[in-house]
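Undergrad: For the record, the sequence lines run as chains A and B. Counted from 1, the first sequence has number 323 at position 324 by numbering that gives the first Met the number 0; the numbering is strictly sequential. Counted from 1, the second sequence has number 83 at position 84 by numbering that gives the first Met the number 0; the numbering is strictly sequential.
Be a bit skeptical, because a hint or two may be false.
Among the chain B residues that face chain A by a calculated CB cut under 10 Å, a handful are [as the list claims (entries may be wrong)]:
1) 143
2) 193
3) 244
4) 248
Straight-line Cα separation of at most 20 Å, EDC-like style, residue types lysine to aspartate or glutamate; simulated pairs [as the list claims (entries may be wrong)]:
5) A:246 <-> A:262
6) B:130 <-> B:120
7) B:85 <-> B:10
8) B:270 <-> A:80
9) A:52 <-> A:26
10) B:130 <-> B:150
11) B:130 <-> B:116
12) A:52 <-> A:70
13) B:270 <-> A:35
14) B:260 <-> B:219
15) B:260 <-> B:150
16) B:270 <-> A:254
17) B:270 <-> A:193
18) B:208 <-> B:228
19) A:246 <-> A:319
20) B:270 <-> A:70
21) B:260 <-> B:200
22) B:270 <-> A:196
23) B:270 <-> A:319
24) A:52 <-> A:80
25) A:195 <-> A:148
26) B:260 <-> A:301
27) A:195 <-> A:133
28) B:270 <-> A:256
29) B:260 <-> B:245
30) B:260 <-> A:254
31) B:260 <-> B:116
32) B:260 <-> A:256
33) A:195 <-> A:35
34) A:246 <-> B:200
35) A:246 <-> B:334
Hints in this document: simulated from the structure, not taken from any laboratory. All C-beta atoms in this analysis are idealised placements derived from N, C-alpha and C, irrespective of residue type, glycine included.
In case you want the letters, here they are:
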Amino acid sequence: MSLLVEARGVTKHFPLGRGKTVHAVDDVSLSIAAREIVGLVGESGSGKSTFGKALVGLHDKTAGEVYLEGERLPQRYTAADFRHYAQRMQMIFQDPYSSLNPRMTVGEIVGEGLRLGGGASDAQQRAAVADWLERVGLAAGYAGRYPHELSGGQRQRVGIARALILEPTFVVCDEPISALDVSVQAQIVRLLGELKESLGLTLLFIAHDLSMVRYVSDRMAVMYLGSLVELGGADDVYFRPMHPYTKTLVASNPEPDPRSERERATIPITGEIPSPINIRAGCRFATRCPEVMDICRTVTPELRTVAAGDERHVACHLFESGGLASPAPTALPTEVVDR
Amino acid sequence: MIVANDAPVLDVSDLCVEFDTHGGVVQAVRGVSFSVRPGKTLAIVGESGCGKSVSVQSIMGLTPMPPGRITRGAARLDGVDIVRQKIVNGEDVRGNRIGMIFQDPMSALNPTMRVGDQIAETLQVHRGMSKRDAFARAVEVLALVNIPDADARARQFPFAFSGGMLQRAMIAMAIACEPAVLIADEPTTALDVTIQAQLLELLEGLQRKNGMAIVLITHDLGVVARVADDVAVMYAGEIVESGTVDDVFYRAAHPYTLGLKAAMPSRETSKSVGLMPIEGAPPDLFRPPAGCGYAERCPHAMLVCGPHRPQRVEVDPGHHAMCWLHHEDAPRGTDAVYRGGRA
Ligand SMILES: Nc1ncnc2c1ncn2[C@@H]1O[C@H](COP(=O)(O)OP(=O)(O)O)[C@@H](O)[C@H]1O
Ligand SMILES: Nc1ncnc2c1ncn2[C@@H]1O[C@H](COP(=O)(O)OP(=O)(O)O)[C@@H](O)[C@H]1O
Ligand code: SF4
Ligand SMILES: [Mg+2]
Ligand SMILES: [Mg+2]
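Excised from the complex, chain B in its bound form (with noise of 0.2 Å):
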């Protein structure tokens, strides 16, 4: 067993990515930073279009340049920066020492190679395997990830598979390799609670296993609170509040993750209480605004929000939130927002 330590495994800081488009360039990730610790799991949660899957398809170099460009920032792997260099050590750290797995395993799965052969492939590119080891250490893979009859599975092309098995064998292929780092763009999103459950589980288990972080996208709060160490809250290609799943869930410190909480049942809402939804709809990416990207739906905005962007201030150690309600001057009026214990 590995035990997690401190230092992060993936660092992410100041990403920058746009796409030149017909209508102008689209600012999709806005300086992003995140980082995530072995054997830890990172959330990035927020609204669809807020910039989720390009910044980790960028890290992945999934992105197409042109019409994308990664202007600023870096993604360090164990201290190397894979931005720009696709070769670490003459390895090729994508699908090696970081895997992905998206909503739709098909995206990820050949259907024309049975699903052991495939599997088998990253290990021979990936770690020089003979062809026969690589399918054997494939059908392991498949054992793994709980599918049954693994031995005959691998023999099979992907249309026999269930959508639930799909899903598995994709985590299979993207873990083949042990990867450090397991990148998981809103994996469950289309399954059913119950299917979601167990690949949930399944992930949990791995990273118990082998000591993988693990950065899940979702926009499901509840997906966030079952299986997430740290949280980073993303609002208009911005991360707005990061901390850990305790810091964001019960001392939210930014107005966008508190409408968020407020806009989705939880045990305690009843009919008498009721949800708060969060009016309008977020910025137009063409022409980002130069404050705070929130100020336009967010109920506590200052004179300030609007026109000058917000300092990321760490209201406690680890926990930061991008918002001028944590600026000195601020008004102290609201108590709605967590306001650090040192304050």
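Chain A extracted, bound-state conformation (with noise of 0.2 Å):
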């Protein structure tokens, strides 16, 4: 399998002035591989969108590198980049009543990037368009209304579409199905999973419905307040999580079966994430974790492979030595230095 785009270390923090700085993606490094779907999940405020939004552009990285295809991609983008990187990458948005300009017909939402972009004459663009209101599922007679004319799941429909069709390799789907009624996500999901095989397209699937982006996805990752504190294959992340920050979310995600519901013993997770301003060197899950040790609140665990394969990776200091699955000792050192 032939990597796709590979993040190194991507961090972006927002300064908010008088010395504090949103910590909002700190350190990522996630590869993807070509025709890959990789699921990402966590809480609201872990730094989800920001990392998606790094990754193609709309935000300008505070460090780290981001590849595609090999290329090293700018770290703050000119509206040139955006026009010439516009043909690889996209983003598809959760919102889609805010995500869409109210005052454009469908035909021109959906035809834009083909406008910016030039080379298409009129009649091109037109066909362009109509062809692909007909591929996400909306008659080419949509092509004339407005936004506030179409139901939600219609409006994620052309979303889909204005970020398909430049035929971009990458896209980036931000939430796309978390404003959706149930039936009409498993529409949305069929629809995406089509065109990812009809057209080659590798995936980044950013969503907090877990057993959703267990379906969806190859691989899952697992954010917590800006970091990556677990990867692996989506059914051995949901069914074996390792992380104890996973394991909280995989206990507190409940499955539509009311047998197994009454069996689960919930370990549900008290508290709410912190927040991200001027985060400290230590475990960033050290202040909810049930499995917390003394080392966690001042080292600062790295992601590391903890399964042969190179397939399973966990920032966690229960499992530092090596894969193991056993705690770590509790003799290490408990005055380490911070910062």
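Using the hints, put the two standalone chains together into the complex.
TA: And the structure:
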């Protein structure tokens, strides 16, 4: 499998002034193979959208690099960069209500990328728009309508057509189904799957619905408070979570099966995700972790390979000893210098 | 501890609600019946726009009238209809005997008032408590919903609370008067699964303690499976299937219930099996279909389904479905639809 997208140490901080900085994404490395779907989960505020936007250039990177097919992408995009890379990378947004310009017709929205890119005649643009509206399951007649005249599912189809009309290779889907009803979610997921096959797309699929991410993705990445805490095969991560945070997420995720829900021993995690402002050294999950040890509060655990075959990566001191799922010895130094 | 008995505490029958709009009359709720027993949780599940909120808001007197109108039906709280009378035995039952919580906590809380004062106020109004006693009780209730440092928190304004704490404060407000019924309209929809799990656990704990009945509105079958005793599945303004949670999940007797289940991933769903979307969209409630509301999308639809409204059939004791497949003359072709233990 060839690598399509590679993020190395991607970091995005938002300075708030007065010495405060939001650590939205810190040192995230992730490689995505061609035609792979990587799911990205985590509570809101964990940095999923910021990471996705940094990948496609919608955010400047504070540090780190992104490579697309081996080519290093700009740290900060110019208008020309956007036009250039829009042909290869696109993003689909969560909220089909706010991400579509209400004053543009569906046809104008879908055709915008072609228009900005130049090179296609009006007639070619119209034909391409009509073709794409059909492909996403909207009749070509929708070209003259406005976003407010459409249902949520129809708007998301417009968002998909707009992103895919330039036939990009890599698409970040940021919560593309979260605002939709269950029956419509399945319609959109099926559509994305079909388009992925026919176009050979590579996707980063961001969502907070773990069951859906497991179903959709080849691999699953879990973020917490700006860091990547676990990465592995989607079924593996879901059915055999290793990081205590992933365990809590999976245990909190209700499944549509009353019998298994009755048997489930829930470990509802206490507290809420802390503020990502001026984060200090140590595991970011230490304040809520049911398995916290002394070392966790002072030493930042690195994402390590914990299973053979390079398949599973976990950032947790419980797994420091190279693949053994045994807790680290308690005799570790407790006084570690804080940065 | 209060032992659950079988007499429903809230019994809604044949509720019909419509709205006058520019486009005509929307028949939002078309003959809805459900009931909930003390200490039990009824989940009402269905897609957006199917009438879940309007059903419960009209019971709570929260539907704007006009443009809204309750054209038929009753909601009996301990046997007394509260749809047409707000005051029962000299008491305003809403906010007192029935509490309600919402998706957005700020729709229930006043941003300009200290949290403890707001809760105390409902106690003063409904329970005639003194200001002092009411405030002390408000602190107790905040502690009951696991707000740390409740005494200090009670003296703060809502903006000082985190999202999860606001949600708890709203619950505290709704349960302060120890209602017999708590209606929860998508209380966890905007929350992360971790916070959702905390809240559902909290509601279950409160229910175990005080025996209140809960009507939980949600579109998430996972949440239903986790907390519900009984389930009512709504579609296009009607309840198309109802029964115990096991009836509805393991013996689904309505094609829409089956469609919903097949459209969402479970532990067993694999990439090779795949999700089955329900194609199409719910009908326009300006012109509700004469027959079955689901006929246009139903893979089992027969000639009779379009023009004729199906009866509500009891497939097993307490398990009802509104579908022509349960008519005695219906063909026995599909085994996906549960037909009852008697047949
Ligand atoms: N433009 C911004 N300025 C300041 N903080 C931001 C900005 N965008 C995002 N953040 C913060 O960065 C963190 C991560 O946000 P986000 O990437 O949206 O998370 P997620 O998508 O996982 O919910 C949050 O704490 C958020 O408030
Ligand atoms: N105030 C109102 N005026 C007109 N129509 C309304 C009003 N409130 C709700 N409706 C309509 O009633 C139907 C049911 O809405 P609702 O009960 O909110 O659905 P749900 O809660 O199941 O998503 C919808 O078609 C909605 O547009
Ligand atoms: S009544 Fe007919 S259309 Fe409606 S759910 Fe039953 S089979 Fe389908
Ligand atoms: Mg986001
Ligand atoms: Mg609603």
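Undergrad: Give a verdict on every hint.
TA: We went through each hint and held it up to the structure:
1. Evaluation of the residue 143 of chain B hint against chain A yields a violated restraint, the C-beta minimum of about 16 Å exceeding 10 Å.
2. For residue 193 of chain B, the shortest C-beta to C-beta distance to chain A is roughly 5 Å, which falls under 10 Å, so the interface hint holds.
3. For residue 244 of chain B, the interface hint holds, the least distance from its beta-carbon to any beta-carbon of chain A being 5 Å, beneath 10 Å.
4. Here the hint on residue 248 of chain B is kept, as its CB sits about 5 Å from the closest CB of chain A, short of 10 Å.
5. In summary, the hint linking residue 246 of chain A to residue 262 of chain A is supported, as the alpha carbons are separated by about 16 Å, within the 20 Å threshold.
6. Distance hint between residue 130 of chain B and residue 120 of chain B is fulfilled; the C-alpha atoms sit about 8 Å from each other, no more than 20 Å.
7. About 16 Å separates the Cα atoms of residue 85 of chain B and residue 10 of chain B, which keeps this hinted pair within 20 Å; it holds.
8. Among the hinted pairs, residue 270 of chain B with residue 80 of chain A is inconsistent with the structure: their alpha-carbon atoms are about 37 Å apart, more than 20 Å.
9. Distance hint between residue 52 of chain A and residue 26 of chain A is fulfilled; the C-alpha atoms sit about 15 Å from each other, no more than 20 Å.
10. For the hint pairing residue 130 of chain B with residue 150 of chain B, the CA-to-CA distance comes to about 15 Å; that is within 20 Å, so the pair holds.
11. As the CA atoms of residue 130 of chain B and residue 116 of chain B are separated by approximately 9 Å, the hinted pair is consistent with the 20 Å bound.
12. Under the criterion of a C-alpha separation no larger than 20 Å, the hint pairing residue 52 of chain A with residue 70 of chain A is consistent with the structure, at around 18 Å.
13. Restraint check for residue 270 of chain B and residue 35 of chain A: satisfied, since their Cα atoms lie roughly 14 Å apart, inside the 20 Å limit.
14. Annotation: proposed proximity of residue 260 of chain B to residue 219 of chain B holds, straight-line Cα distance about 10 Å (limit 20 Å).
15. Using a Cα cut-off of 20 Å, the hinted pair residue 260 of chain B and residue 150 of chain B is violated, with the two alpha carbons roughly 45 Å apart.
16. Restraint check: the Cα-Cα separation between residue 270 of chain B and residue 254 of chain A comes to about 17 Å, which is no more than 20 Å; the hinted pair holds.
17. The suggested pairing of residue 270 of chain B with residue 193 of chain A holds, with an alpha-carbon distance near 13 Å, which does not exceed 20 Å.
18. A distance of roughly 17 Å separates the Cα atoms of residue 208 of chain B and residue 228 of chain B; the hinted pair therefore holds under the 20 Å criterion.
19. Distance hint between residue 246 of chain A and residue 319 of chain A is fulfilled; the C-alpha atoms sit about 18 Å from each other, no more than 20 Å.
20. The suggested pairing of residue 270 of chain B with residue 70 of chain A is violated, with an alpha-carbon distance near 32 Å, which exceeds 20 Å.
21. Of the supplied pair hints, the one linking residue 260 of chain B and residue 200 of chain B is violated, its CA atoms being roughly 24 Å apart against a limit of 20 Å.
22. Using a Cα cut-off of 20 Å, the hinted pair residue 270 of chain B and residue 196 of chain A holds, with the two alpha carbons roughly 13 Å apart.
23. Note on residue 270 of chain B and residue 319 of chain A: the hinted pairing is violated, with a Cα-Cα distance of about 33 Å set against a maximum of 20 Å.
24. Among the hinted pairs, residue 52 of chain A with residue 80 of chain A is consistent with the structure: their alpha-carbon atoms are about 14 Å apart, no more than 20 Å.
25. About 28 Å separates the Cα atoms of residue 195 of chain A and residue 148 of chain A, which puts this hinted pair outside 20 Å; it is violated.
26. For the suggested pair residue 260 of chain B and residue 301 of chain A, the alpha carbons sit about 40 Å apart, so the restraint of at most 20 Å is broken.
27. At roughly 16 Å between alpha-carbon atoms, residue 195 of chain A and residue 133 of chain A fall within 20 Å of each other, so this suggested pair holds.
28. At most 20 Å may separate the alpha-carbon atoms for a hinted pair to count; residue 270 of chain B and residue 256 of chain A meet this at roughly 19 Å.
29. With a CA separation close to 13 Å, the supplied pair residue 260 of chain B and residue 245 of chain B stays within the 20 Å bound.
30. Between residue 260 of chain B and residue 254 of chain A the alpha-carbon distance is near 11 Å, which keeps this suggested pair within the 20 Å criterion.
31. About 44 Å separates the Cα atoms of residue 260 of chain B and residue 116 of chain B, which puts this hinted pair outside 20 Å; it is violated.
32. As the CA atoms of residue 260 of chain B and residue 256 of chain A are separated by approximately 10 Å, the hinted pair is consistent with the 20 Å bound.
33. A threshold of 20 Å between alpha carbons decides the hint, and for residue 195 of chain A with residue 35 of chain A the separation of about 9 Å falls inside it, so the pair holds.
34. Annotation: proposed proximity of residue 246 of chain A to residue 200 of chain B holds, straight-line Cα distance about 18 Å (limit 20 Å).
35. Between residue 246 of chain A and residue 334 of chain B the alpha-carbon distance is near 38 Å, which puts this suggested pair outside the 20 Å criterion.
Comparing the model with each numbered hint stated earlier shows that hints 1, 8, 15, 20, 21, 23, 25, 26, 31, 35 do not hold.
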